[in-house]
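Peer 1: What follows is the residue order along each chain.
Number of protein chains: 2
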Amino acid sequence: MTTDVVRLAHGGGGRMQAKLLDEVILPALGIPALAAPDAAVLDAPGGRLAMTTDSFVVRPLFFPGGDIGRLAVHGTINDLAMAGARPLWLTLGLILEEGLPLDDLRRVLASVQAAAEECGVRVVAGDTKVVEAGRGDGVYISTSGVGVVPEGVQITPGAIRPGDVLLASGDLGRHGVAILAARENLALDPPIPSDSASVAGAVAALLAAGVPVRALRDPTRGGAIAALKELADASGCRLVLDDTAIPVRDDVRGACEILGLDPLHSACEGRFLVAVPEPAATRALAILQARPETAGAVAIGRAEAGEPAVIRRLATGVERRVILPAGEQLPRIC
Amino acid sequence: MTTDVVRLAHGGGGRMQAKLLDEVILPALGIPALAAPDAAVLDAPGGRLAMTTDSFVVRPLFFPGGDIGRLAVHGTINDLAMAGARPLWLTLGLILEEGLPLDDLRRVLASVQAAAEECGVRVVAGDTKVVEAGRGDGVYISTSGVGVVPEGVQITPGAIRPGDVLLASGDLGRHGVAILAARENLALDPPIPSDSASVAGAVAALLAAGVPVRALRDPTRGGAIAALKELADASGCRLVLDDTAIPVRDDVRGACEILGLDPLHSACEGRFLVAVPEPAATRALAILQARPETAGAVAIGRAEAGEPAVIRRLATGVERRVILPAGEQLPRIC
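Those sequence lines, one after another, are chains A and B.
So in full-length UniProt numbering, spot 27 of the first sequence is number 27, and the numbers just go up one at a time.
So in full-length UniProt numbering, spot 277 of the second sequence is number 277, and the numbers just go up one at a time.
Keep in mind that a hint or two might mislead.
Simulated restraints, written as ranges between beta carbons of each label pair [as the list claims (entries may be wrong)]:
(1) B:LEU259 to A:ASP4: 30 to 38 angstroms
(2) A:ASN185 to B:GLU132: 51 to 59 angstroms
(3) B:GLU151 to A:GLU118: 30 to 38 angstroms
(4) A:ARG122 to B:PRO162: 49 to 57 angstroms
(5) B:GLY317 to A:GLU118: 39 to 47 angstroms
(6) A:GLU118 to B:THR244: 41 to 49 angstroms
(7) A:ILE323 to B:ARG291: 52 to 60 angstroms
(8) A:GLU117 to B:ARG106: 39 to 47 angstroms
(9) A:ARG122 to B:ARG161: 48 to 56 angstroms
(10) B:ALA305 to A:PRO45: 53 to 61 angstroms
No lab work stands behind these hints, which were simulated from the structure alone.
All values derive from a computational prediction rather than experimental measurement.
Backbone N, C-alpha and C define an ideal beta-carbon position, used for all residues, glycine too.
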């Protein structure tokens, strides 16, 4: 590394984060880089379990469409869902800053509980620490989750094959823009709500219907582009996006222009990308479109043989190879 | 609550922490107060699992006898061991402060990995977030753990019965004093090393030998007294300690006098308390004393019928009922 201290860009979901992970964190823990999924799949006595963890440092704590509590539950559930698992149990670690209003804490906890109930998971253990004022920022939440991987389900990012179709479960880039708009006090009317939501039900519906899901990824930090880049690297495929097909809400596109962002680099917290073999694409889309939370699902591209890369085919027909930003674009959006 | 903001004392392991937990956090999550163990025991498809989480905010990051990385691994493993579980998998959530030297991060991660290897557990998933300088303190670590509870093992704090003997697995109060001495730059020579260690092997040895373990508790925040208070409340027993039998190292006792602390309110991170029926006490002690990490195990007291309380029987024969301190005594020791 050329830098010798941690920088904000190390947490932004871009190249610097990938570098920190690949060069410092994973080697230290003896984990090969490409084997680092959102959730680990583990052989337990009675079958396979998925296990995951996430820390949430979003600022502000409360934002249109959600808060840090809902986000923590959804983020953890979605990581489990990306391994094809049925989420069951969560743990909740709180790092509270001295001076946090107890009413804010109550509000966050009520959100955690409501989101957990809606999603059919249980908070089974927790821990609370308090740090001095100026050593935290209100509340940081660490959630871990465990779920059961149904027999026969085997989902790995490397399984994508040339010809597979890439689907997005709904409009992209909304969460990151919602957070930034709230933080920068953009006076949007109506405000852009975060897409924070569980995708576990939609994934379970695909699997239950026997759709041969090849790979799943939730486009969180770094947005759809970072998620697709990981899928491209893991599978060795060239992933070609049809830029005109990518679903982005008009208000999100407008706010992105004001903020100088690309919606495809902006995080979602209630969306997933799924690769399926071409013959199964129409059925998979129909299953998703029949559910309210994934009614906006569309095909956004296709896997091709070739150098692993993410390519955007623009409306003009021009193809542009995308690269990850260094990462300082969107700090603390989750 | 009479206060309307979070205070440091809410994190100190004393009465204020118990109040925050019982009045704010557990009710919000729908968890009954007495049902909040260190680790949850869960019915999974192939048997019972234990699951736990802990956040670590210790200051300084490096201290005699350990660092935040070893502490995180040991703390989580020990919580699982307190449910009688065999620890298997850990997750690691890092909240890094902008400006943290990468070499410090490397050192912490190397400790995590070394401790995990020593303890036979695997770090299976992780997450890294970065916050601005002044919104964290170097590194905060959240670890979660999952283990398997062997068939037939059923350990709950409420199971203590009058007549049971209370054992301590070694000298008490050392970790808290080690941290405070390091933080206050007490020039102790040699320095007092933290007792940070896994107790999972010792617990497994007791269970494998068929010792009818009634209850286990690791005396972390709040020290032995807080742990015993929880056992007393959960079991409805009066727990009477023989003050002259309680193992405290001379250097710890000396530093406690300088720092104005009671060693029994000071945390351990490599000790446990165990209640066993009287006829099994001698054998349990022999099993513990035969292992290097629990060679200092001794009987420290006994459960009696009566009002749930923790009683210290002093050298003079006088009995003193102990109460928890409010909690501001030892912030950020784990």
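Peer 1: So, for every hint listed, does it hold in this structure?
Peer 2: These are the hints, each one checked on the structure:
Restraint check, B:LEU259 to A:ASP4: a C-beta distance of roughly 35 angstroms satisfies the suggested window 30 to 38 angstroms. A C-beta distance of roughly 18 angstroms is found between A:ASN185 and B:GLU132, which places it outside the suggested range of 51 to 59 angstroms. Our hint of 30 to 38 angstroms for B:GLU151 and A:GLU118 holds, since their Cβ atoms are close to 34 angstroms apart. A hinted range of 49 to 57 angstroms for the beta carbons of A:ARG122 and B:PRO162 is inconsistent with their spacing of about 34 angstroms.
Taking the beta carbon of each, B:GLY317 and A:GLU118 are about 59 angstroms apart, not inside 39 to 47 angstroms as hinted. The beta-carbon spacing between A:GLU118 and B:THR244, approximately 56 angstroms, falls outside the hinted interval of 41 to 49 angstroms. The hint said 52 to 60 angstroms for the Cβ distance between A:ILE323 and B:ARG291, and at roughly 55 angstroms that hint holds. Taken as a hint, the range 39 to 47 angstroms holds for the pair A:GLU117 and B:ARG106, whose Cβ atoms sit roughly 41 angstroms apart.
About 30 angstroms separates the C-beta atoms of A:ARG122 and B:ARG161, a value inconsistent with the hinted range of 48 to 56 angstroms. Evaluation of the 53 to 61 angstroms hint for B:ALA305 and A:PRO45 yields a failure: the beta carbon distance comes to about 40 angstroms.
In the structure shown, a violation is registered for the earlier hints numbered 2, 4, 5, 6, 9, 10, in ascending order.
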